[in-house]
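Number of protein chains: 2
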Amino acid sequence: MSLAPAVGLEPSGVTAAQGFRAAVASADVRGEGGVRPDLAILTTELPAAAAGVFTQNRVKAAPVVVSQLHLKRGVARAVVINSGNANACTGSQGLADALRMVQATADVADCDPGEVLVASTGVIGRQLPIDRIRAAIAEAGGRLDPAHGRLAAEAIMTTDTRPKEAVEQFVVAGVTHTVGGMAKGAGMIHPDMATLLAFATTDARIAPDLLAELLRSAVRTSFNTISIDGDTSTNDCCLVLANGAAGGPELVRGSAAAAGFAQALDRVLQDLAGQIVADGEGVTKTFAVTISGAADQQQATLAARTVTTSPLVKTAIHGGDPNWGRILMAVGRSGADLALDRCRLRLAGFELFALGRPTAVDLQQVSAALSQPTIAIEIDLGVGEAEATALGCDLTSEYVRINGEYST
Amino acid sequence: MSLAPAVGLEPSGVTAAQGFRAAVASADVRGEGGVRPDLAILTTELPAAAAGVFTQNRVKAAPVVVSQLHLKRGVARAVVINSGNANACTGSQGLADALRMVQATADVADCDPGEVLVASTGVIGRQLPIDRIRAAIAEAGGRLDPAHGRLAAEAIMTTDTRPKEAVEQFVVAGVTHTVGGMAKGAGMIHPDMATLLAFATTDARIAPDLLAELLRSAVRTSFNTISIDGDTSTNDCCLVLANGAAGGPELVRGSAAAAGFAQALDRVLQDLAGQIVADGEGVTKTFAVTISGAADQQQATLAARTVTTSPLVKTAIHGGDPNWGRILMAVGRSGADLALDRCRLRLAGFELFALGRPTAVDLQQVSAALSQPTIAIEIDLGVGEAEATALGCDLTSEYVRINGEYST
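These protein sequence lines are chains W and V, in that order.
Okay, so the first sequence: first residue is 4 according to my numbering, each after it adds one.
Okay, so the second sequence: first residue is 4 according to my numbering, each after it adds one.
Derived by calculation from the structure, the hints in this document are not laboratory data.
By construction, the Cβ of each residue, glycine as well, lies at the ideal position given by its N, Cα and C atoms.
The reader is advised that the hints may include incorrect statements.
Stated by the list, open to error - One-sided excerpt, in silico: chain W residues whose CB lies under 10 angstroms from chain V:
hint : residue
1    : Gly-94
2    : Ile-127
3    : Arg-129
4    : Gln-130
5    : Pro-132
6    : Ile-133
7    : Arg-329
8    : Arg-336
9    : Cys-346
10   : Leu-348
11   : Ser-400
Stated by the list, open to error - Calculated from the model, a selection of chain W residues having no Cβ within reach of chain V, i.e. all distances over 12 angstroms:
hint : residue
12   : Lys-63
13   : Gly-277
14   : Ile-320
15   : Asn-406
To be verified - Here are the in silico distance ranges between beta carbons for each label pair:
hint : chain 1 : residue 1 : chain 2 : residue 2 : range
16   : W       : Ala-371   : V       : Asp-148   : 44 to 52 angstroms
17   : V       : Glu-390   : W       : Glu-253   : 41 to 49 angstroms
18   : W       : Gln-301   : V       : Gln-367   : 33 to 41 angstroms
Here chain W stands alone, though its shape is the one from the complex:
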């Protein structure tokens, strides 16, 4: 396949910040004769401070193990990503293949292999077609371009129906800095699982430990607040690279400049997280669950996330059914402390439960309001001051079809 020329493309997503280039190629990872690009590489001209957060799943894919190891030095020059195969549960051969991807990328980026990060997404339990992948890396290495961020966002897609990119800017000492990112998620090509990969870049200059700290914080309020089906991938990974190419001063902990970067990073990741939920498998509606009055932050988050993963809440939202009892059921089973006689519940703006009993709202009106594509669910637990928000989506027959109605 000959790639679309870069003509007309602008730097976007992971190449929006200065000094980053991307390229894609087709490795036919699935071995089905596909020509769609399924391999992307991202490089930085200057060595970048790097940080990552990874799946909490005890079954970690080989690329996760390798990237975690390489991130210990806090600096990166390149990232290589393939879709179509997760390289998970593949034993020592999987590990060797992840390292071969790293070496091939180090060759084209002219850097130490320890400065290359690697990510994979797709089916679990199959070995990579490593020769085709190495050839694709070499091919991509010849056409690295700041205009190819969008192509990279497309190459990492699986069942995503659209690429996901976001960009924010902030100014430090008169110098404009950019934070850009791309993500894929809800993805699945037969057979697969909801794998989330996210990559952010910035031309700000920042030390690796501060970068790691701000990334953890940003992930907490973005990716860790969303749920599509409650299943956690073996390959989840969010990486950030900061190369300092904008020429501004180094961002120091506690400064207004660092706060400006943190806010831009938060926004980019929240934007990408929202795009992932909206493009979730079979999704027709999303809903935001806001818990207030919780005993502490952990309990607020627990309650909010439990509501977003409840199949009975998700199907009720899908059907436009103002069945608010299911929401209280989910809050109750989360284990968060609550005082039922001080609880309040609002659904799509209507207060349906207050001070321990149902209100007199006309449920027909609520039902009509539930036809909106985005629904607000607000619950006050009545025991404290902590708050949290989580983002979920409906459960549809289309989700079942995508994930069940085929055979290998």
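With chain W fixed as given, assemble chain V onto it according to the hints.
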């Protein structure tokens, strides 16, 4: 509605043991002019030792609160149950109504209200039609009969497609004793949630504290191993009454006789639990997850139950897709300790993953084996000796339809 005459009916389910009678009536709990019996009462001629286990949901329905209180004395004479309304999230009026149900039942059973247990199942957040319910209790009180166990099992159904009963017998000192039970679950009438109610009776003589201990143990290996959709009801309740009517000696802790009763109770509850999963909303297949090699019992159970609640595993089972990577993903996210290089995974009898890597099994064969209505999933975590089994069911478009595709 005139009830079917008792002629031709035999004692079964909760009236299989000696000295128990049941009766049903229609209270039109849903207020839709229904004539199907939706109220059941169960009485015992002799005072019965009683024990119960209840939902862990922090939002507890009024009948749960009342039954927990009444069980403190360890003795019961009657149980009253309605379907169609859960009497949950109904504030002080709900509590008063649960007590009114208790009083009306005490009147017909001629006992102290403190000896009456109460259970409700159905929609959350609506007040009971207490006058119709009281009239139905009075009506049912006039036709208590040992032959009406089956009618009671039918009256407590919601979206269940069939009544669930089980009976076991055991012999102590030459005296045959019976343990019988009934349950409902996966139930929903618009709008509702998966509420599980189970009731067991026995004509054995046993002290309340030993009965409670054996009930907790039996529930752990029966109802607490099943999952239909991962949501825990506000009304879950499992009660057992032992009236001693068989005339055998009192069962004492640690005796062979107590072990005989415990085994019979285990079997009755496991039988009912299996019936509930098989009749789950939209279910076409069930699967048993057996975890071995776990570090301890708690981790074995955690891993097994996480697999049964994974939407990606449930949809793969539905589609007959041998996508075993999803099973390892679910085990991994459960948080149970595992040694991936010593893990083994068998699906429908085929070993697909062993010692850290995929095996060479032909997936077409596995796919064919997955068309069976009951599937075995076996995973050895490779770290210890503990084992656990959990029972799950597939996730289907029909589940989504039942729970979503209507509006109030």
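Consistency of the hints with the structure:
no. : hint                                        : result
1   : Gly-94                                      : holds (3 angstroms)
2   : Ile-127                                     : holds (2 angstroms)
3   : Arg-129                                     : holds (7 angstroms)
4   : Gln-130                                     : holds (8 angstroms)
5   : Pro-132                                     : violated (15 angstroms)
6   : Ile-133                                     : violated (15 angstroms)
7   : Arg-329                                     : holds (6 angstroms)
8   : Arg-336                                     : holds (4 angstroms)
9   : Cys-346                                     : holds (9 angstroms)
10  : Leu-348                                     : holds (9 angstroms)
11  : Ser-400                                     : holds (4 angstroms)
12  : Lys-63                                      : violated (8 angstroms)
13  : Gly-277                                     : holds (21 angstroms)
14  : Ile-320                                     : violated (8 angstroms)
15  : Asn-406                                     : violated (4 angstroms)
16  : Ala-371(W) / Asp-148(V): 44 to 52 angstroms : holds (48 angstroms)
17  : Glu-390(V) / Glu-253(W): 41 to 49 angstroms : violated (55 angstroms)
18  : Gln-301(W) / Gln-367(V): 33 to 41 angstroms : violated (47 angstroms)
Violation of the numbered hints given earlier is confined to hints 5, 6, 12, 14, 15, 17 and 18; the remaining hints are satisfied by the structure.
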